[in-house]
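Asks: With the hints as your guide, set chain L onto chain X.
Top line first, the protein sequences correspond to chains X and L. The first sequence begins at 15 in our numbering and counts up one residue at a time. The second sequence begins at 78 in our numbering and counts up one residue at a time.
Read the hints as simulated data drawn from the structure, not as lab findings. Watch out, some of these pointers could steer you wrong.
[As the list claims (entries may be wrong)] From the structure, some residues in chain L lie toward chain X, with a derived Cβ separation under 7 Å:
1) L109
2) L153
3) G156
4) L158
5) G160
6) G171
7) G175
8) V207
9) V215
10) A247
[Said to hold, decoys possible] Far from chain L, some chain X residues (derived; all Cβ distances over 12 Å):
11) V91
12) L97
13) N101
14) A106
15) A117
16) A118
17) N125
18) S135
19) F155
20) M176
21) P233
22) R244
23) P255
[Unchecked claim] To give a feel for the contact side, a few chain L residues facing chain X, derived at Cβ under 10 Å:
24) S93
25) I94
26) D152
27) Y211
28) L214
All of these numbers come straight from a predicted model, not from anything done at the bench. Yeah, the Cβ is synthetic: ideal placement off N, Cα and C, and Gly gets one too.
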Amino acid sequence: MKNRPEAVFRLTAPLKLAVARAAFTLLVAASIGLIALSRTDVPVLERVRMAVIDIVAPLLEAAAQPATALQRFSTEVRDLLALRQENQRLRAELERLQQWQEAAMRLEAENSSLRSSLNVSTPPAQRFVTAAVMADSGGAFARQMLISAGSAQGIVRGAVAMVADGLVGRVSEVGERTARVLLLTDLNSRLPVTIEGSRQPMILAGDNGPLPRLTYLSPDATQRISPGDRVVTSPHGGAVPPGLVIGTVVENGSRGILVRPAADWSTVEYVRVLDYGLRGILPESPQLTPTRGRRGG
Amino acid sequence: MAQPSLWERLDTRLRSITPALVTVVMALVSVLPIGWQAPHPAVPAFTLMSVYYWTVYRPDLLPPVAVFVIGVFQDLLTGGLVGVTALLLLATHGVLLGQRKLFLGKPFWLAWIGFALVAAAAGAAQYLIVATLYWTLVPIGQAVMQALTTVLAFPLLAWFFIRTHRRVVARV
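Chain L with its partners taken away, still in its complex shape:
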């Protein structure tokens, strides 16, 4: 077989970093000023969805280092405590690596239920971390709203991930 040309190698490389790129875009999307700030801010945790999807279906293309860097990047953007999102995404990634076979080849609703559990756990963990570190009771309604919108928005984003997966990533 002939050596792959430069163009082909570049193409493969771009395709293989697509999951990480998509996750970076998710981090940017979550800070877009389109008014989900007020009055009841509930921006879905877009990066969590992306990390969940790619960890289950293509963990080889989303290494923990990428997860960490993207988490820190998002924290720098949103201005929250740096490291919290990184820690939550890493934990999600780590836990899912062991459980991903549960979802492979199963119907979508099962992955959705799995995601709902992950989102609830991540939301609760984040709430506890922030409340403990600032030693104050943050209104819990906001956190619950955020977790809910995250779970409800998942199918929409999953549709986007699946399309990207089939069209761009499948050949890698």
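Extracted from the complex, chain X is given alone in its bound form:
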């Protein structure tokens, strides 16, 4: 009688092992299936993804708060340590900017007088939604961030996300209260851009590295680009509002034309999403808006 449980155990142990093995194989197969599905960009997966994120959004927001506080604290300590230098730098910058302010005011007056004499129709002002950054994926293989605004706030796919310094990326997926922004540097990011002042269309392609590169331009145009040139969004294709600052060319060599994004999103807490939801109400023909080459000087 005493060895009966053991006998049962002996019988069930191999069975259990077999079941466990089968389950494990099944899960591995499911993972591979998911990868294949995800690579082919099925819309169902996107909907599931945003639904899951909508659900965990409050959790992420709660978790982000102490993280943000911690980050602020460390920034503050760093700022305190660099106070003197920072002060000196700011004084120099103030002096420089005062000259610019004067120039800008002169130009503005000149611009408005020219506009009125030419009767130019100005494009409508952009509306935007400000959203908090809830999460950013910092793995070596994805450059994206989740923001706390979605379709309920009028955000649509393809809308442009910006910080003060420049463009950060575009909205790639929209949930009800959250959206995902594909950063400029992501492997999948392709953005129509141009060099400020030229009208040459080209594409800024990310590769997950810190410096995205310019592609799809003629050899002739390639030669004319040099480090320091400013890259802005292009009106071609009508996908994004033209003239938004993206960054500067840092290298034009064997590795291609590399661009350093102007926006520093390492410490970004909020982004502005240009609201395209209103475009249907306020029709704007991109063909008629001139590229403003002078912008920002």
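Replies: Showing chain L alone in chain X's frame:
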């Protein structure tokens, strides 16, 4: 012996799902916006550490299904290809189940070396999967940096896992 009360059963249940919960928290931590995005993003693979630790020390409390679900969850959060993290975590779990006795009752540095091997293998596998599927050369420096920070951060996280193990999970 008396039947355990509802409270006791609930307590035991909570303790036994702690390893899975800790791993879920690790997935959330890895997307916190605290600036490890730029300029050289190198977020340690937190879930990998958690799966490694619990597979070696308490594999009964972290079943493959949980590993799979957490992997998919992390992929959904980070926006990478869905299934990649799930596959890597499952592979780690599967391989370790056979090798875990190597580390039991051994000094910590041995587990660390074991983890370094796992992290290197997982990093290389991930790199190959992404590079193959997108058919492009992803800058390798990023992947190397990530693997390095993962290995270096392991003792810190392991300390947290060990404490959780002793205080919460030990009685299950």
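Asks: Determine for every hint whether it applies to the structure shown.
Replies: Consistency of the hints with the structure:
For L109/L, the shortest C-beta to C-beta distance to chain X is roughly 4 Å, which falls under 7 Å, so the interface hint holds. Annotation: L153/L was flagged as interfacial toward chain X, and the flag holds, the nearest CB pair being 5 Å apart, inside 7 Å. Proximity of G156/L to chain X holds as hinted, the smallest CB-CB distance being about 4 Å (cut-off 7 Å). For L158/L, the shortest C-beta to C-beta distance to chain X is roughly 5 Å, which falls under 7 Å, so the interface hint holds.
Annotation: interface hint on G160/L holds; nearest CB of chain X at approximately 3 Å, less than 7 Å. The interface hint given for G171/L holds, since its Cβ lies 6 Å from the closest Cβ of chain X, which is under the 7 Å cut-off. Hint status for G175/L: violated, given a least beta-carbon distance of 12 Å to chain X, over 7 Å. For V207/L, the shortest C-beta to C-beta distance to chain X is roughly 5 Å, which falls under 7 Å, so the interface hint holds.
The criterion of a C-beta within 7 Å of any C-beta in chain X is met by V215/L, whose closest approach is roughly 5 Å, and the hint holds. Using the Cβ-Cβ criterion of 7 Å, the hint placing A247/L at the interface with chain X is not satisfied: the shortest such distance is roughly 25 Å. The Cβ of V91/X lies farther than 12 Å from every Cβ of chain L, with a closest approach of about 14 Å, so its non-interface assignment holds. Taking the minimum C-beta to C-beta distance to chain L, about 21 Å, the non-interface status of L97/X holds against the 12 Å cut.
Every Cβ of chain L is farther than 12 Å from the Cβ of N101/X; the closest lies at roughly 24 Å, confirming the non-interface assignment. Distance check for A106/X against chain L: the nearest CB is about 24 Å away, which clears 12 Å, and the non-interface claim stands. No beta-carbon of chain L is positioned within 12 Å of the beta-carbon of A117/X; the least distance is around 32 Å. Annotated as non-interface, A118/X keeps its C-beta farther than 12 Å from every C-beta of chain L; the closest such distance is 30 Å.
For N125/X, the non-interface assignment is confirmed: its Cβ lies about 36 Å from the closest Cβ of chain L, beyond the 12 Å cut-off. Every CB of chain L is more than 12 Å from the CB of S135/X (nearest about 40 Å), matching its label as outside the interface. The beta carbon of F155/X sits about 5 Å from the closest Cβ of chain L, which is not more than 12 Å, so the claim that it is off the interface is violated. Against chain L, the non-interface label of M176/X holds: every CB pair exceeds 12 Å, the least being about 16 Å.
Non-interface status of P233/X relative to chain L is upheld: no Cβ of that chain comes within 12 Å, the nearest being about 22 Å off. Consistency note on R244/X: stated as away from chain L, and its beta-carbon is indeed over 12 Å from all of that chain's, at 20 Å minimum. With a least beta-carbon separation of about 24 Å from chain L, P255/X lies farther than 12 Å from that chain, consistent with its non-interface assignment. With 10 Å as the threshold, the beta carbon of S93/L stays out of range of chain X, its nearest partner Cβ sitting at about 18 Å, so the hint is violated.
Checking I94/L against chain X: minimum C-beta separation of about 17 Å lies over 10 Å; hint violated. For D152/L, the interface hint holds, the least distance from its beta-carbon to any beta-carbon of chain X being 8 Å, beneath 10 Å. The interface hint given for Y211/L is met, as the beta carbon of that residue sits about 6 Å from the closest beta carbon of chain X, less than 10 Å. Taking 10 Å as the C-beta cut-off, the interface hint given for L214/L holds, the closest approach to chain X being about 8 Å.
Hint check: violations occur at hints 7, 10, 19, 24 and 25; the rest are consistent with the structure.
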